[in-house]
Amino acid sequence: MSQSLYLQVVNLLSALLLLIAFAMLSQRRVVGLITLFAWQGLALALSTTIVAYSTGQHHLYYSAALTVGLKVIAMPWFFFRLIRQLDAHREVETLFNVPTTMLVGIVLVVFAFNLAQPISQMSGTVTRSILGIAMASVLLSFLMMITRTKAIPQVIGFLAMENGLFLAATSATYGMPLVVELGVALDVLVGVLILGIFFFHIRETFDSLDLKHMESLKER
Amino acid sequence: MNLSSPHPVNVAWGIALFLVAIAALSPFLRLRRRVLLRALMPAGALAALALAGAGFAGLTGETSALALPLGLPDLPFRLRLDALSGFFLVLLGGAAFGVGVFANGYMRNLDDTTLALYCLWYHLFLAGMALVLLANDAYAFMVAWEMMALSSYFLVTTNHVIPGVRRAGFLYLLIAHVGAVALLLCFGVLQGGHGAYTFDYMRGAELTPFWASVAFLLALFGFGAKAGLVPLHVWLPEAHPAAPSPVSAVMSGIMLKTAIYGLLRVSFDLLNMQLAWWGVLALGLGLVTALYGVVFAAVQSDMKRLLAWSSIENIGILVAGFGLTLIFHADGKGALAAIALTATLYHAINHAFFKGLLFVGTGAVLHATGQRNLGRLGGVMRSMPWVAWLTLVGVLAIAGLPPLNGFVSEWLLLQAFLMTPALSQSFVNMLIPVAAGTIALAGALAAYVMVKFYGVIFLGQHRDPKLAQAHDASGAERLGMLWLAAGCVALGLMPVQVIELLAPVTELLIGQSLPNAGSWLYLAPVNADRASYSPLVFLLVVTAVTLLAFVLVRRLYHGRVRHADPWDCGFPEQTPRMQDTAEGFGQPIRQIFVSFMRVERDTPDPFDRHPHYSGASLDKLWFGIYEPIARLAGWLSDQAGRLQHGRIHWYLIYSFVTLIFLLAFAR
Amino acid sequence: MTIGILIQIAQTLLAVLLAPLLMGWVNQCRAWLQGRSAPPILQPYRTLIKLFHKDAIVAHGATPLLRFAPYVFFGCMALAAGIVPMVANDLPFSPAADVIALVGVFALARVFMALAAMDIGTSFGTLGARREMLVAFLAEPALLMVVFTASFVANSTQLTTIVEALAHRAFAIYPSLAFAGVAFWMVAMAENARIPVDNPTTHLELTMIHEAMILEYSGRHLALIEWAVALKLFTYSALGLALFMPWGIAETGNFAAMPLAVLALLVKLAAGGFALATIETFLAKWRLFRVPEFLGTAFLLGVLAMLVHLLLEV
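Protein chains in written order, with the numbering used here: chain A, 1 to 220; chain B, 221 to 887; chain C, 888 to 1201.
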């Protein structure tokens, strides 16, 4: 395969990542959200592998493997178990006007693409045009966290944001140093575990995973 | 002056004078209706057609200019007829002829005084618009502009006994004058402090980018107020329903275009530079206006108000096209600018014809039924087939359906959007898909609006038993509508020829014209491989296939028809009240776009024996912008009112203090 | 040129004749997937013949518009089938109407049907017309965005040129087309009155969209409408194939490839029909006011496709 074809496949995969980010934005069910998150991780891992193969950056293989292990297998499995234990798998969120949210998403995409244009021109990698997509996915995940009220979707939004950052790192500089990536992965893992414990406590306290109950913690 | 082949500008000036003369004569013929109806009004319509002829000569021929020994000493009126003026004169004359012929039949039922006054103001209005297009200095322009504004104010308030009409007229006059002040300031900036107010001088003036931008913004505000650009649109949905239908047709179809003319004249002809951000601004405003207008059009239940909102939408599309032209032109993409400008001009003339047709069509319905409220119309097609079928042409055209004219301009505009990846500014480049999406959305919503408009008025059962006796349009009315409908069809079927005629205008404004790579039959803006369209072939094939299907079905099977009651899933008791109403048809749009509007609903109590439902979707901008301004003005005048006591001493003290003050400071 | 015209006519005829077959195939697949015994694959043809033989019943007070509209609908759909390259890329009619005009043809047909539905003034007819226009006003711009993306990629709005560029130029992957493909699928489901938006086999009046519009039709008029609906599905499928899977369509002047192209078309359509039936089996019809959400998403995906094209592929 030629170099440009690798690039095209990477482009396609990153576009899929963005597409999944939009799908997550409009997904109401928690179960669907977790599945989408797993797919997003898979797209990220695949694109990282291809970048690793085509550019000979071997440490990217490890980060791809890490992504598959953590984000495609471990975390979704953990979340599925969690929602079974919390009995939240039927949970449906009332979203604020999906088209409006999507419209805001489009605005963010335009913004991110324009923001990325000058930066990507400085970068020397072949995958630099993906930087805009990566930034857009970060912003979209942030938007998703803002529009959600339930705890689990918020955590998934946080993780999806991390996916976007990973993609940005891969595209702009062929990934962060491996030590950093390992550290980030460990952080994320520990973070999710702690949040999982928090979920139980939140539910025990409020009988619900709806974060708007946290308002009652406010001191007067 | 060579009399054998007079300059077009002289002819146009002569016709304008002739129109003024008609106007001046009409009050004296108040009691001689026959003369008014049989001589003066047809003469006015013919004069409009002649104006179109002069415009055509100006469009295809040389630019000609004229200085009149009128006006103030040393400040003569200067007139000029170039390709741009010529094109808009063709638009004016072509549409005004059809409306004039229609009005000849429509106005017969007016009483003597109203008819004479109508005849006076209508012809002054036409003359004013013609002079706006011809003016070659700021002085003549503003005089003509005011003539146009004032005469149209009196036309709007033709039925001045109704308080709502007076209110609408006042609002119109107010916004027209706020706009006129902005224009006055704009010309002040354009002349650059040298006191020379001729356009010839302004063309040569060298403005700094700052002052050029100020002039552009003032022009956008001033002409935007006339055109009905959001948020200056509030007068339109009030004034159009208040005016008699032929007046609405002329105001919406032609007068709004004079604002587009002014924008083009100032930005491309008078200003020495064009900046890209102006284009972005105009594009953004245009898109907002287009979407805003069409959404509100969908929720209206008064047929003329619906058309007024639809005019706002079309103005939005025109301004968006204008903005796109500016962007391309500032970016140095001449060919693309030519496509966008051609699309804008094309849409301007299209709108003059189809909106004129729709307004006179509603006029005929209003005349025959006395109803403007969609809730009391329905099934009019059965009693008024002529009006219904001719209006259908306008409906299909404004909905942007091939092979009629609305589609051609939409097609050209979308083509202009599609060629943008070549722009040098990536930010603008990224905005273009969003803009194209908005235009497409507005176009599709326009089809929704028009199905509602046509379906509720002309189709279905009579919502009022009196509608069965509605009489069809009279001969003159039919003739006027036929002319306008023929214009829609011709503009739709002959895009190549129309675009060739537009070439001098684009040449004048941006120094480049749209090359047609196709033949006389095929319209292909850049090259035939990229995009092409041939409405004539399209029409022929679709007609042939439809007829073939018809003949084959008849031949192979049969043509037997039985008549029966409507089926409607076996429900036996159909009443006209069970049809979808105008409110019902607009309900989905209201539900989707509820954040645009303030919905006021009055739902009946379940125990009410005579339930009454009313609902209105009101313009949020009115409450957000205009009411605070009105309140502020009211408060200020209240404060000023405190000075007034009715006691003469106080007034003397005011005068005395003023005198002292002036003596102290004006040394 | 004459050969071109012959190919043009042959392709249009092929579409017109095969369209009910595709409908029958989709119905059959769906019946299989839902564990029912399937109707014969030729059932749509039998229905059409039966309807053509029956007398047409027209309601009292109907205007000519009502009787005229089915012919216009059918004519528009046949015309649309003539524009979309299905077998050959050598269509002399194609320069007369590009892809924007194709969207316009669909709109023309729809407006006529909606007006005809309002003609008699029954409660269901007007309701159907309103809903159809509601679906359309979002689906049409979404479809435009999809075809714009394709025309950005191919630098042309001519369908023949787009197919030429996508199928016969050097192979390349266009991420923007992934977005456009999803959007196109959503639009096609809505425009053809398929399941998440409308149910083609519904008998419940209050949920109907398309069926409510044509309640007053019978006999040959109904037959024409049914045929045109089948043709619309066929044309949409062919359009989707031409934009996203154009491989197999014969190049201009390459007559030897034509039999293979017909075969490729049949295989692709069969696969597409099966996919459609599968999707319909797995989804439930949505509430009407979820539809704007669905189509709004399609529209925004289309816009996004263009943005992605500008970022990644310029």
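Because the hints were derived from the structure by calculation, they are not lab data.
Among the hints, a few may not be true.
Claimed, not checked - Which bits of chain A does chain C cover? Going by a derived footprint, with three or more residues having C-beta under 8 Å, they are:
1) 10-19
2) 98-105
Claimed, not checked - Cβ pair distances, simulated, as ranges:
3) A:F80 to B:L768: 44 to 52 Å
4) B:Q864 to A:L115: 31 to 39 Å
5) C:L1147 to A:V180: 52 to 60 Å
To be verified - Cβ-to-Cβ under 7 Å is the rule here; a few derived chain B residues that face chain A:
6) L511
7) S646
8) F647
Backbone N, C-alpha and C define an ideal beta-carbon position, used for all residues, glycine too.
Hints versus structure:
Figure legend: the segment 10-19 of chain A, annotated as covered by chain C; annotation consistent (7 residues with Cβ-Cβ distances under 8 Å, at least 3 required). Evaluation of the coverage hint for the segment 98-105 of chain A: fulfilled, as 5 residues show C-beta separations to chain C shorter than 8 Å, against a requirement of three. Between F80 (chain A) and L768 (chain B) the Cβ separation comes to about 60 Å, which falls outside the hinted range of 44 to 52 Å. As the Cβ distance of Q864 (chain B) to L115 (chain A) is approximately 59 Å, the hint placing it in 31 to 39 Å is violated.
Look at L1147 (chain C) against V180 (chain A): about 54 Å separates their beta carbons, and that is inside 52 to 60 Å. At its closest, the beta carbon of L511 (chain B) sits 12 Å from a beta carbon of chain A; the interface hint therefore is violated under the 7 Å criterion. Interface hint status for S646 (chain B): upheld, as the beta-carbon distance to the closest one in chain A is roughly 5 Å, under 7 Å. Interface restraint check: F647 (chain B) against chain A, minimum CB-CB distance 5 Å, threshold 7 Å, status holds.
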